[in-house]
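*Asks:* From first to last, the protein sequence lines stand for chains B and A.
The working numbering runs 187 ahead of the 1-based position in the first sequence.
The working numbering runs 413 ahead of the 1-based position in the second sequence.
The hints are simulated quantities; they were obtained by calculation from the structure and are not laboratory data.
Treat the numbers as computed from the prediction; the structure is a model and nothing was measured.
One or more hints might be untrue.
Each computed DSSO-like pair below joins lysine-lysine, with the alpha-carbon atoms no more than 30 Å apart [claimed, not checked]:
#, chain 1, residue 1, chain 2, residue 2
1, A, K435, B, K228
2, A, K422, B, K228
3, A, K435, A, K478
4, A, K428, B, K253
5, B, K228, A, K509
6, B, K253, B, K228
7, B, K207, A, K509
8, B, K242, B, K253
9, B, K253, A, K470
10, B, K251, A, K435
11, A, K428, A, K470
12, B, K242, A, K509
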Amino acid sequence: GAVVSQHPSRVICKSGTSVKIECRSLDFQATTMFWYRQFPKQSLMLMATSNEGSKATYEQGVEKDKFLINHASLTLSTLTVTSAHPEDSSFYICSARPPGQYTDTQYFGPGTRLTVL
Amino acid sequence: AQRVTQPEKLLSVFKGAPVELKCNYSYSGSPELFWYVQYSRQRLQLLLRHISRESIKGFTADLNKGETSFHLKKPFAQEEDSAMYYCALSWDSSYKLIFGSGTRLLVRP
Numbered sequence: 188g189a190v191v192s193q194h195p196s197r198v199i200c201k202s203g204t205s206v207k208i209e210c211r212s213l214d215f216q217a218t219t220m221f222w223y224r225q226f227p228k229q230s231l232m233l234m235a236t237s238n239e240g241s242k243a244t245y246e247q248g249v250e251k252d253k254f255l256i257n258h259a260s261l262t263l264s265t266l267t268v269t270s271a272h273p274e275d276s277s278f279y280i281c282s283a284r285p286p287g288q289y290t291d292t293q294y295f296g297p298g299t300r301l302t303v304l
Numbered sequence: 414a415q416r417v418t419q420p421e422k423l424l425s426v427f428k429g430a431p432v433e434l435k436c437n438y439s440y441s442g443s444p445e446l447f448w449y450v451q452y453s454r455q456r457l458q459l460l461l462r463h464i465s466r467e468s469i470k471g472f473t474a475d476l477n478k479g480e481t482s483f484h485l486k487k488p489f490a491q492e493e494d495s496a497m498y499y500c501a502l503s504w505d506s507s508y509k510l511i512f513g514s515g516t517r518l519l520v521r522p
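For reference, chain B alone in the conformation it holds in the complex (with noise of 0.2 Å):
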């Protein structure tokens, strides 16, 4: 059980255009979601909290009108990341945490690798 799941798993796009990505949670309802961010053989960085139901949190130096983030159902949130630069090039992960159990356990999704060219 507990298994989160990420779509796409690849993406390249152009630059200027917007992209979004899908976690989601297949086994559990999850009240709280993550985005991380990790570039090349680097750790994954914390991006934003994901509520649902209400606005995410974003944490210090991430662009929220960027990464629009939207947790519309207890298993799904999506990461739009708007007018795509190179820079934004990446990989995304989300993490959900289930209710009911350790209350900080974090399940993580597989990763998608964002190319903007």
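Use these hints to put chain A onto chain B, whose structure you have.
*Replies:* Below, chain A alone, put in the same frame as chain B:
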């Protein structure tokens, strides 16, 4: 601010040798510490958490508040332990995780 430091990018040992992956943290309150592991071509997964005081796959980690450390140890490394290991910290029931830069463990036959 919270910070997690993993000083070693790569740790290479022979099969059967002891392993210690270092992790130090900075946080003035009471943190919760975790070790996550990422095997080749797989997603990140929780290995163990300090609050559980458990041993997973032969690995243990003890929280040392005096030294602000949470080193991961295993007495006899196996080839299947080769992976990327991340130390992470959570605080104040925020559920957020701050990750260290990771250590790649390579266990040679």
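*Asks:* Each hint should be assessed against the structure and marked as holding or not.
*Replies:* Tested hints:
Proposed proximity of K435 of chain A and K228 of chain B is supported: the alpha carbons are some 18 Å apart, at most 30 Å. For the hint linking K422 of chain A to K228 of chain B, the alpha-carbon distance of about 10 Å falls within 30 Å, and the restraint holds. In summary, the hint linking K435 of chain A to K478 of chain A is supported, as the alpha carbons are separated by about 14 Å, within the 30 Å threshold. For the hint pairing K428 of chain A with K253 of chain B, the CA-to-CA distance comes to about 47 Å; that exceeds 30 Å, so the pair is violated.
A distance of roughly 22 Å separates the Cα atoms of K228 of chain B and K509 of chain A; the hinted pair therefore holds under the 30 Å criterion. Among the hinted pairs, K253 of chain B with K228 of chain B is consistent with the structure: their alpha-carbon atoms are about 24 Å apart, no more than 30 Å. Taken as a hint, the K207 of chain B and K509 of chain A pair is honoured in the structure, with Cα atoms around 23 Å apart against an allowance of 30 Å. Restraint check: the Cα-Cα separation between K242 of chain B and K253 of chain B comes to about 15 Å, which is no more than 30 Å; the hinted pair holds.
For the hint linking K253 of chain B to K470 of chain A, the alpha-carbon distance of about 41 Å lies beyond 30 Å, and the restraint is violated. A threshold of 30 Å between alpha carbons decides the hint, and for K251 of chain B with K435 of chain A the separation of about 34 Å lies outside it, so the pair is violated. A hinted pair counts as satisfied when its Cα atoms are at most 30 Å apart, and K428 of chain A with K470 of chain A qualifies at roughly 15 Å. Between K242 of chain B and K509 of chain A the CA atoms are separated by roughly 16 Å; this keeps the pair inside 30 Å, and the hint holds.
The structure shown violates the earlier hints numbered 4, 9, 10.
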